[in-house]
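Peer 1: Chains as they are written, first to last, in my numbering: chain B, 1 to 424; chain X, 1 to 251; chain U, 1 to 505.
Check before you lean on any hint, since a few could be wrong.
Derived PhoX-like pairs: lysine-lysine, alpha-carbon spacing no greater than 25 Å straight-line [claimed, not checked]: (1) LYS376(U) <-> LYS16(X); (2) LYS78(U) <-> LYS326(B); (3) LYS7(B) <-> LYS58(U); (4) LYS45(B) <-> LYS78(U).
No wet-lab data here; the hints were simulated from the structure. Quick caveat: nothing in here was measured; it's all calculated off a predicted structure.
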Amino acid sequence: MAVAQAKLDAAVARLAGLDLPQGGWSGGARADAVARLQAMGLPAKRDEYWRYTDPTTLTAATPVAAAPFDASDEAQLFDAIDRVRLVFVDGVFDPAQSDDPVAAGVELLSQAADIHWAQGLYGTLEARGQNPVARPLAALNTAAATEGVLIRVTGQVAKPIHLVYLQESDTSDAILHHCVKLEEGAELTLLESGPGAARFNQVLEVEVADGARFHHIRIQGRDHDRRLATHIFARLGAESLFKSFTLTANGVMTRNEAVLELTGDDAMAHIAGAALGNGDYHHDDTVFITHAAERCESRQVFKNVLRNGAVGVFQGKILVKPGAQKTDGYQISQCLLLDEAAQFLAKPELEIYADDVKCSHGSTSGAIDDTALYYLRSRGVPLRQAQSLLVLAFLAEAIDEIEDEGIAGEIRLRLEAWLSRQDG
Amino acid sequence: MLEIKNLHVKLEEDDKVILKGVDLTVEAGKVHAIMGPNGSGKSTLSYVLSGRDGYEVTDGSATLDGVELLEMEPEERAAAGLFLAFQYPVEIPGVGNMTFLRTAVNAQRKARGEAELSAGDFLKIVREKAKALKIDAEMMKRPVNVGFSGGEKKRNEILQMAMLEPKMCILDETDSGLDVDAMKLVADGVNALRSEGRAFLVITHYQRLLDHIKPDVVHIMADGRIIKTGGPELALEVENNGYANLLAEVQ
Amino acid sequence: MGLETEDQIEVRDGVDRETIETVQAMAGKYKHGWETEIETEYAPKGLNEDIVRLISEKNGEPQWMLDWRLAAFARWQKMEEPRWAMLNYPEIDYQDQYYYAKPKSMDAKPKSLDEVDPKLLATYEKLGIPLKEQMLLAGVEGSDEPRKVAVDAVFDSVSVGTTFKEELRKAGVIFCSISEAIREYPDLVQKYLGSVVPQSDNFFATLNCAVFSDGSFVYIPEGTRCPMELSTYFRINAENTGQFERTLIVAEKGSYVSYLEGCTAPKRDTHQLHAAVVEIVILDDAEVKYSTVQNWYPGDEDGKGGIYNFVTKRADCRGARSKVMWTQVETGSAITWKYPSCILRGEESQGEFYSIAIANNAQQADTGTKMVHLGKNTKSRIVSKGISAGRAQNTYRGLVTMHPKALNSRNYTQCDSLLIGDKCGAHTVPYIEVKNNSSRVEHEATTSKVDDDQLFYCRSRGMDEEEAVALVVNGFCKEVLQALPMEFAMEAQSLVAISLEGSVG
């Protein structure tokens, strides 16, 4: 179908309002991204994959102001872990607060050189991920990003790399683009906490070569007013592993997209999310996993706990290409609605072109189990505590996707703290 | 200890009257049994006492050591010392059995103004009590009642009872779905808990459980009322002649 | 003792000896592909206002009906054909076909079936559809009761005749062609036509509003249990002709009816359009069962010919405790675009949808249901079994909505796909919208292939591969087959086997 003219016009207008970097090693990729965006237009409410989420505030020329959130009453996340900290304030790298990136083997995104290893990666996976579903905000990111990290890993990285996003200005409009390349057999854990700007548009491109392992744990904190659109584009080689977990608590607008492509045999991709929403909150997980090789496994585990008018959206797809035999695809999306005003909107899809596959998906939504609640209370556990216990149990399957027990434990503790705060 | 007076209860949803004036007094240190045909209101009585939703008390009272139970939340009743061993123990996926027990024990201690048990002390006590009930460590790690066999579920109920040390224990059809060996194990668990300060109300359809847990008093319940009260011999009478004669007698 | 595997392999439920025999008795490909040679009268080719007027005139319709059609036609001209389904077909030229075709012998409206052209009667005889008012003995064990089934037979654009009309009338039930109903019961038709599927509903439904030629009308009065099953058999015979039928069923308070629908067409090299609308109104405590065995010509192995089937079916459970059950077996058509839906408006109303969709060779099916929960304590259940073979694409598309006021409602959806061969596709596109927390929605879907162990087990017992596949597939479908009335269940089982011919080897 022809792309509506209004969407195309909106893309042109949006691009005109940006100061787009030119030249350098990424210049070609950026020009291509501009062309892509001009051809597909900006997202609109009538688009199939935006039917449950209104993109207006994400596409507008200027962000809606959002006061920085004061989280000083709780400990910094991942503080207990020995890690390399790289801090971005309002989307701009802050060397003063950061560890030395060079020592950690991390480069910062810049236009300086004409030739760079990331040339084959920057914008490449994003471009691949535009088919069959357009992701205009990601193309916009590739065209306009001036900040981000470039990480190439050849062995096992001893310390996790932690990207810390802090917000100071209430009108900050951050665009970050990270590229991670894991060479054969390499392993990396990437931590993120933020989002750290009034509006935050982020792309993470990850190339996982044969036998490499990538762990990603991300916390999108309690800051309520920010608007956030993230994309993960990953390509997986043979026998590689990709694991990503995101915890989101509040946020007036969150759209997390993940586009994962399993291109080597026996690869494994797991992506999970746990989201807590209270009040004026909109959370959207949109996942597209393509199986293009044999004997690969993918898992999508998404859990939402919503109350007080919060809205949760899940759009997940498993695409099994012809020849991707022995695929094992699993997808579960579940929502706990804690009161009458909360909503859950889901579109869990399967598209399968190979016969020797095992694919399943499940989606459930409903209130907390009254019988379980009563059972707990009959053993003397107070109502609030019983509810919180059942919420944690509900989220457990998603948190179990975190391989590192220490990190999983920290996330559980943080969740408990947040839940008791919500109760209070 | 437990005193039920003129208790009338109906279902909230369809106005169906289930209990039509139950009077019952259970003294400390005693074991009372309630027997009765299906649909007589036995299980409803246990649910109403423990505070399950869906029932409306239209008249009467139930007190534990003089304190009105029916106004309390379920957890307050538990803290006051009431325990119900469920006929159908509830499965709670995602909540570990050990976590569940520790949360319950500490919540009750807190409610009673006692210090919480340390993890080490707690573990020591659980292990000891679980061993007596032949509950292994693996069962403690699994989610509450998920994938448990019928016998395992009932033993798990008794373990909770042993850990929570209630004053007033209600056993709702604890023998249902158990073979002879499992029933003996459960009965031994219960008997071990018998003491001066603790009372039991054993709800059962059959006499066989009462071979193992000897009652002091037996009540026959039918159509929402206690229709006859007697000693252990009453249970034998039911066993031999069924309920029909008793029901006819009353009418 | 048999093979070692005997103890280890369990053939799916429902695969019993009877099924094996049925499947073995199958022979021949699409068995309804022959043509009746009969003189046919056509309206001029193409679509314009004059054609709409002509159809209305041929049916002897009152002015209000013509006005309604013309309004629909005006609206349709401004509409765009939907392309969101996972269906790939060339542009349809709406001007390059006939919108009205009628056997010439039907000109002098026959007063009874005795006066109907013997050629037409022979056609239905050959299709195995009883147009005599006879007892029907279901050829199934366990049903010795002779059963009556009333039939409305629609041939191209006209209804040939309706059986058991008098007997039904005695019970107060009206069962006749929709064209007759418009003439004889205008008040009822005017009250309900378009009240479930509005004129503006969608491109194909609006087209139907403008050009529908015939179909069936059913009215079950208050408190009446329809004394027999009702059925309509649709036959497309004429070439290059679209069939646009319209069915309206009204079940008054406390009534019950079971309605069956069957469809066949001759083999043609060109595609033919079929765009039907079915509306069902169900009032307090009434229940309607609607079963379809759709066996339109599917086209040949290369996708040449076959029916394009674009159908809008919807039941409006207006009354409290009303109930509808859709059961469909979709084996035919080159393209299937069909989503029988339930509007659960009345409190405690219930909707059920049971579907088997088989796509083989070059067939494409995009089918499913909508369950729109508006009333309190409403319940719905969806069981969909999709089977893909050859190069076919089979999509389940469904919507479950729990509105904020539909408190304490329930939905359960089970959606299974089976793939036979590595060139076909099986897709699942559910939309789930939950807007209150006292309702519970559960959706489960699986995709798998035909189990090799089961096939091997069947073959080791002497079945060839195709028989074995048909057998296993019948087992896979059993839950849905059981929801069909007895006669249909047998026919559907046979169809499953025939539809899968050539899918292996």
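Peer 1: Work down the list of hints and note, for each, if the structure agrees.
Peer 2: Hints versus structure:
{"no.": "1", "hint": "LYS376(U) <-> LYS16(X)", "verdict": "holds (22 Å)"}
{"no.": "2", "hint": "LYS78(U) <-> LYS326(B)", "verdict": "violated (47 Å)"}
{"no.": "3", "hint": "LYS7(B) <-> LYS58(U)", "verdict": "violated (48 Å)"}
{"no.": "4", "hint": "LYS45(B) <-> LYS78(U)", "verdict": "holds (23 Å)"}
When each numbered hint is compared with the structure, violations occur for hints 2, 3.
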